[in-house]
Each structure stands twice: as C-alpha cells, then as structure tokens.
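Can you make the complete structure from the sequences, with help from the hints?
This is what each chain is made of:
Protein chains: 2
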Amino acid sequence: MAKVAIMGFGTVGSGVYEIIKTNAAKLQQNADDTVELKYILDIRDFPDHPQKELFTKDFNDILNDEEVTVVAEVMGGLHPAYEFTKSLLLQGKSVVTSNKELVATYGTELLEIAREKNVNYMFEASVGGGIPVIRPMHQCLTANNITKIAGILNGTTNYILYQMIANGKDFETALKNAQDNGYAERNPAADIEGHDACRKIAILASLASRKAVDYNDIPTEGIVNITLDDVKYADKLNSVIKLIGYAEFIGDKVYSIVAPMLIKKSDPLSGVNDVFNAIKVTGDCVGDVMFYGAGAGKLPTASAVVADIVDSVKHKVRSKKFTWYKIDTDIMADKDAKKFAYFVRTNDTLENAKKVFGEICVADSIVDGETAFVTQPLTASEVEAKSKELKNTLKYIRVLD
Amino acid sequence: MAKVAIMGFGTVGSGVYEIIKTNAAKLQQNADDTVELKYILDIRDFPDHPQKELFTKDFNDILNDEEVTVVAEVMGGLHPAYEFTKSLLLQGKSVVTSNKELVATYGTELLEIAREKNVNYMFEASVGGGIPVIRPMHQCLTANNITKIAGILNGTTNYILYQMIANGKDFETALKNAQDNGYAERNPAADIEGHDACRKIAILASLASRKAVDYNDIPTEGIVNITLDDVKYADKLNSVIKLIGYAEFIGDKVYSIVAPMLIKKSDPLSGVNDVFNAIKVTGDCVGDVMFYGAGAGKLPTASAVVADIVDSVKHKVRSKKFTWYKIDTDIMADKDAKKFAYFVRTNDTLENAKKVFGEICVADSIVDGETAFVTQPLTASEVEAKSKELKNTLKYIRVLD
Chain A
3 MAKVAIMGFG TVGSGVYEII KTNAAKLQQN ADDTVELKYI LDIRDFPDHP QKELFTKDFN
63 DILNDEEVTV VAEVMGGLHP AYEFTKSLLL QGKSVVTSNK ELVATYGTEL LEIAREKNVN
123 YMFEASVGGG IPVIRPMHQC LTANNITKIA GILNGTTNYI LYQMIANGKD FETALKNAQD
183 NGYAERNPAA DIEGHDACRK IAILASLASR KAVDYNDIPT EGIVNITLDD VKYADKLNSV
243 IKLIGYAEFI GDKVYSIVAP MLIKKSDPLS GVNDVFNAIK VTGDCVGDVM FYGAGAGKLP
303 TASAVVADIV DSVKHKVRSK KFTWYKIDTD IMADKDAKKF AYFVRTNDTL ENAKKVFGEI
363 CVADSIVDGE TAFVTQPLTA SEVEAKSKEL KNTLKYIRVL D
Chain B
3 MAKVAIMGFG TVGSGVYEII KTNAAKLQQN ADDTVELKYI LDIRDFPDHP QKELFTKDFN
63 DILNDEEVTV VAEVMGGLHP AYEFTKSLLL QGKSVVTSNK ELVATYGTEL LEIAREKNVN
123 YMFEASVGGG IPVIRPMHQC LTANNITKIA GILNGTTNYI LYQMIANGKD FETALKNAQD
183 NGYAERNPAA DIEGHDACRK IAILASLASR KAVDYNDIPT EGIVNITLDD VKYADKLNSV
243 IKLIGYAEFI GDKVYSIVAP MLIKKSDPLS GVNDVFNAIK VTGDCVGDVM FYGAGAGKLP
303 TASAVVADIV DSVKHKVRSK KFTWYKIDTD IMADKDAKKF AYFVRTNDTL ENAKKVFGEI
363 CVADSIVDGE TAFVTQPLTA SEVEAKSKEL KNTLKYIRVL D
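Chains as they are written, first to last, in the numbering used here: chain A, 3 to 403; chain B, 3 to 403.
Treat the hints with caution; some may be incorrect.
Just so you know, same-sequence chains aren't split out, so a pair can sit in one copy or run between any two.
To be verified - Straight-line alpha carbon distances no greater than 35 angstroms define the calculated DSBU-like cross-link-like pairs of lysine-lysine that follow: (1) K337 to K388; (2) K341 to K316; (3) K322 to K88; (4) K393 to K323; (5) K340 to K28; (6) K28 to K255; (7) K213 to K238; (8) K28 to K341; (9) K340 to K23; (10) K318 to K23; (11) K340 to K238; (12) K267 to K171; (13) K171 to K316; (14) K337 to K23; (15) K300 to K340; (16) K119 to K28; (17) K28 to K323; (18) K341 to K393.
It is worth saying that the hints were derived from the structure and are not from the lab.
Shown next, in the form of structure tokens:
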C-alpha cells in the first residue's frame, strides 16, 4: 500500500482528491498497488470535509512520516513550495507537481536532488494541464532528435485572441470577457505579457535538450500590442495570430522565444481555439506531431498530477527520463540564429517597402494609408534595421514556419 | 548489449534500420543498453547493402539465436507474420510490430502468449503511424475512464476528402491524384471502404476497454458514396466530412463504427488535413485530448517501431499496460445504443421533412429540388425508419458530437 499526501487544497488539490477517491480501482490496477491518501496540507480549515481527519497544517507531519512515499505539491507559488519540495526530496520522498513556476525556477536544483536521492520529481501537469505532453515528447525523443517545439501554452491569451479572431472583439473587450468568465485573473499580467508561456517553454526546451534553460534568458513578448486590425490582416493572409512559445535546437544551442506569431491556417496549431492548448513537436524522423487538450482546469490538471502519482508509486526507483542538467557554458543561441518571415505594417509606400525588403508578399490593405506585407525570412537584427529604413513602421510580427 | 532483428526490409523495415544506425547513441541512452542489429530477414537479395552480412532468408536463424531478445515484425500481411510472431513469443522473445492487420486479427491470441511467456508484444506503430497514441492514451487511462475515441485513422481517405474540400475535386479525380502521388494503392479498396480504419479503431477500442474487440463486429462504411455536393453542404453547415473510426464505452459494452461523418469546424479533428491522422480521446477527468501527426510513411512509422524496440530492451519483463483479454460474452453494444444527429438530403419538401423529423436545422440548398438538413440525435433504427417515410431520401450522414 502506497501512502500519499496532497499539499494545497485549492482547485487542483481538490481535483486530485476527487480522482484518487473516485478512480481508486483504476489507480490500483495501473500502479500495481493501492494508493491511499494519508494527509492533506492546507493552512485553511475544512471542517465540513467528509475526510477532515486527513487535514493538517503542519508540514512536518508529512515530512517525518516514513509511510508517505509520494507527495503531490499543488499549492502553487515559489515559497514555501520550494522549501517543502526540497525537504521532501532530501528525505527520500518522490514529489509530483503542477507548479510550473517552481519547476521553471528551481527545477534544475530539485532534479539534481531527486537524482542524488534516487527518487522522482515529476511535473507532467506543469505544461499543458491535462494534456499528456511530457511523456509523449519523451517517447518521440527515444527515436528522434527533436528539432523544434512550438506551443500554444497559455489558455487565457488563446481565449482572448480567439475572441478577437472569431467574434471581432477588440483586445480590451476580449480581456474583460476572459476575466468575467474566470479565464483571466484580475491582474492578468503573467498571462498577457507572456510570462506563463515563457516558464512552460523553458521546461519543454530543458527536457528536449536535457540542458537547463533559464526562462530569464528567453525573450518574451505578450499579446498586449495585438490589435483587431492585426488579426484582420492575418485573416487576409490566410493566417491567425497565436501566442507561441518556441524553441529550436541549433547545434549545441537552444534558440527560444515567446511572441505572438502569424500561423497559417494549414498549420494544425491554427485550429486550437478557446482556452485549449497544443504543443507541436518536430522530430527528425517523425516530422510534426501535436498534442492537444485542456491546458488548465481542476480535473484535467489533476488528472495529469494523478498520472505522475501512479507512475511514482509504480517506479519506486527514479525514472531517468524526465530530467535535465545544469550546463556551465552559455547554451542559448544568439537572437539572430533563427530567421523568421515577418508580417510588417507601415505608413510608407509599397514601392519603398519593396526597395527595403526585396521580395515581399503584399496583403490587401485594411487601414487607409497603410502598406502591409510579409517578408522573406530575416534575422531579428535584419528586420529591426530594415524597418527603421522605412518612413514609419507601425509593427512587425513573426510568421511561424 | 541487446541484439535485435528486423523481419521485412520494405519501406518501414529500411526505416527501422536507418534509425537504429543513425540514432544509436540516443537509443543507447534511452534503452540503458546498446541496441545492436543482428539479423534482417527478407526473401529478397540486397547484394549492394553496406551490411549485407546481416541478411538472412531463414527465419530459424532468428528464432534459434538465444542472443536475439527483440524482433521487429514489419513484413505486413497475415502470413507468415502470424506464424513467425507466435513462434518468437513462444520462444520467449519480445516482438514489436507496425502490422495493424495482424494485431487486429490475431492480437488477442498473441497478447495471451506474451503474457504467459512474460515478454512484450508492442504495436505503437500499428495505429497512427509515428504519432505517439497508444502510450499517451494509456497515460490518460491511468487517471481517467476513457469514454470515447474518435479518430482520423486513414491517411489515404483523408487526403481524398481534403482534395474534395479544399480544391473542389470530385471523388474520382481526388482518388486518382492520391494514386498518382503514391498515397493510394492501385487497388484502394482497403482504404476507401474503411477496412484499414476499422482495424485501427478495433485496436484502440480493445486497448481502452481491455476487452478484445473483433473488427468483424464493427459496422464499416467507407467514403465511396461521398460526393462533392455532400462536401459543399457540409461547408454550408460550417463542417467538413471526414472518415471517422469511432468507439464509445457504454456501461460494459463497446459501441463502435467506421463511417464518414460531418465534423464541426470548431472541432480540432476538422483541421486535420492531407494525409495526416489524429486521434481524439475523451476522458471523464481530462476531457478531450488529441494526438496528431503523420499516420504513415517510412521514418514516422519506423520511429514508432524503434520506440517499441527501446521500450522492450529496457523492460525485459513484460509491460502490463498494453494488453486486452478475450471476453466470452458479447461485448458489443446494440447499433441503437448511440444516437447521432444526421445530415439528410431528400427530394421531399421541407414541410414533409419537418413533419417526419420534427425540429431540424435546414441547410441552404445546393441542388435544385433538394431539401437538406440536420436532425436531432437519433438512433440508427430511427433515422432508417424516418428516412423511409420521406418521398425520396438520397442519403444520410452522421454528425460527430
């Protein structure tokens, strides 16, 4: 019998509780063992909970209980989640988590401790919510060299952009809708400025390269500057705008960026609507594969946490698959290592645009006096320099290749 | 050092060879062992192959070599693939395969032998080519009850339908294009009549239910009766037509069917174009997840075969995950156990259509004298009976819910 604990009884924590209770037989079958919940840690009181005897406010109850072998950390935030996780791993317990902030910030150190102690630190739920992505990506990795990852990793921004695309709402209205529907926080900065997506692509890039990618090294641009006109231009170009977490593996280096991009409608990422997430992984043998599903929500996220619990119960000895290492040299590729085609809007003439950018694909104009077009693939420095040569470049947005 | 053999040096077999050669370091890392190819079985001669010493025409070389622990059966067809696989499993060797016909026909027996001998019989490549679907579906299964599976499982038919949808080609022209591009066989019956998709959904339904689903028990309709007008009507209804392998788990029973269906454009399956495949799995906790990628082709399929080889090398003792059991009672649900909405075309009047079908959603007419509409959800018997009440029902096609 495996005894487990849940730390944090919020949305995800209560989902984990629910699944452990309702799908007990299934978990037992898959874990080759019964999974019994022994503690729920939360600073709040739950006097009406049917199993109120499980609750504790004292972390040491879990830490010092030798029977507890697997702990689900679903409290979120960096502190005390970091201290708790570190103590548990040092004590020889496996920890599974949905906490992408923690994994992206302290994952390298925590994975090192897990390796030393030969226990698991698993985080399937930290990227893409309930979508199985970390294990399938690893499965692709078995026979492939992963060359690229492009993901719609944040449900809030995808909802906002979808409202703009499908219902012609402007950014502010779409954001307000998202807030009214509970898809966006009152302070939506972490989502709309791209920081949440940045942490997730850092985790995926680390896993694929097995090298610690620091999310602070990933240039991150949100969707706050995307207007309804941009969305309409994209449509004229048979594309949609999505916030993409992108990583490409170029030689020994990792190129990574978070930015809104034009996605051609023939790309399966273009059809990922509403709050859904999807991660497209490109392997040298398999080509493009994509994993799609609910990127957040109580039961979807909890279902990924429980899958990690089951895996940890089953494999008492550490799985070597899901890890990465700290590298002392700089592993990040230069910002010019990757060329994108760019969608450009300018108040300059088409003639000048062609003079500066050479061969371009012109879009039907939506705004009087504007010229809009897609360039050939350019480095970041090239597009920056060229756009300064035009009289008035309003903006440029990458096109996903 | 693990010694492996390849049986069949056709498209997939040569892909497996290529990946084992080029990604040897990666395989070693993931298998915790070196993977060395010892034999390639083929009845043909390959005198110019750089490793011609590996080739044999005698199956007994592989069967009787105790060093060989994992064999990739990528020869296709039922015989002698069945006899070879059975002998190898009985000899205590693991077998991995891309042969969906064999898995769908003899899988139940072969899995039983694998269980008895405590070796692996793995078939990730048999469904969805290179797409990781069997392992991720199992991962979903860990914490979820799978309620439904809907898949675009055949690249040939998807290519044909996509040509009709995107380029307005009629069925015959689209089929000819598919043949000219090597996407369809000269005798395309197995694809366009739905038999290939049927075998694949039988495998997925068996895995999800852990009960042997006989593909002969799955009503199977191909796309040969789908016309360009049907496709145009679907577009008017904001939908596309796709060939769907469908399974739903209702109580103890399995409801399964292969048929062309209208897919709403908001459904992620609708954006699966060209020869690509995708499988949408619905779990009671996770909701809808979808796995997308190349459903066929040399390296994609080989990449899934190699992933199974690595898994079998790593887990010398049988994995219990991917199996099902023969059930002596009838496990198939009645054809009326599941209701679909139907798209109906008739030469009768709108008035009569409403009289017979009640509340309907009418489509703009494309053909003079026709009434076209979508019904409320009906059983197969209901739609059959009601359509006979109309003066002249041309056809009805299910709508995926």
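Tested hints:
Proximity of K337 and K388 under a CA criterion of 35 angstroms is satisfied intra-copy only: 16 angstroms inside one chain copy versus 64 angstroms between copies. Neither within a single protomer nor between protomers do K341 and K316 lie at most 35 angstroms apart by alpha-carbon distance, with minima of 44 angstroms and 39 angstroms respectively. Proximity of K322 and K88 under a CA criterion of 35 angstroms is satisfied in both settings, with 18 angstroms inside one chain copy and 33 angstroms between copies. In this assembly of identical chains, K393 and K323 lie within 35 angstroms of each other by CA distance neither inside one copy nor across copies; the values are 52 angstroms within and 63 angstroms between.
In this assembly of identical chains, the alpha carbons of K340 and K28 lie at most 35 angstroms apart only when taken from different copies (25 angstroms versus 46 angstroms within one copy). When the C-alpha separation of K28 and K255 is checked against a cutoff of 35 angstroms, the pair qualifies only between copies, where the shortest distance is 18 angstroms, while the shortest distance within a copy is 42 angstroms. For the homomeric pair K213 and K238, neither the shortest alpha-carbon distance inside one copy (40 angstroms) nor that between copies (50 angstroms) is at most 35 angstroms. Taking the shortest alpha-carbon separations for K28 and K341, only the inter-copy value of 28 angstroms comes in at or below 35 angstroms, while the best intra-copy value is 48 angstroms.
Taking the shortest Cα distances, K340 and K23 sit within 35 angstroms of each other only across copies (29 angstroms), while inside one copy they are farther apart (49 angstroms). When the C-alpha separation of K318 and K23 is checked against a cutoff of 35 angstroms, the pair qualifies both within a copy, at 22 angstroms, and between copies, at 33 angstroms. For the homomeric pair K340 and K238, the shortest alpha-carbon distance inside one copy (26 angstroms) is at most 35 angstroms, but the shortest distance between copies (41 angstroms) is not. Proximity of K267 and K171 under a CA criterion of 35 angstroms is satisfied in both settings, with 20 angstroms inside one chain copy and 20 angstroms between copies.
With identical chains, the CA atoms of K171 and K316 are never at most 35 angstroms apart, being 49 angstroms at best within one copy and 53 angstroms at best between copies. In this assembly of identical chains, the alpha carbons of K337 and K23 lie at most 35 angstroms apart only when taken from different copies (34 angstroms versus 49 angstroms within one copy). Taking CA atoms no more than 35 angstroms apart as the test, K300 paired with K340 passes between copies only; the shortest distance there is 29 angstroms, against 37 angstroms inside one copy. Taking CA atoms no more than 35 angstroms apart as the test, K119 paired with K28 passes in both settings, with 29 angstroms inside one copy and 25 angstroms between copies.
Proximity of K28 to K323 under the C-alpha cut-off of 35 angstroms is found in both arrangements, the shortest distances being 24 angstroms within a copy and 12 angstroms between copies. Taking identical chains as interchangeable, the C-alpha atoms of K341 and K393 lie at most 35 angstroms apart only when both belong to the same chain, with a minimum of 24 angstroms there against 61 angstroms between chains.
Hint compliance for this structure: hints 2, 4, 7 and 13 are not met, and every other hint is.
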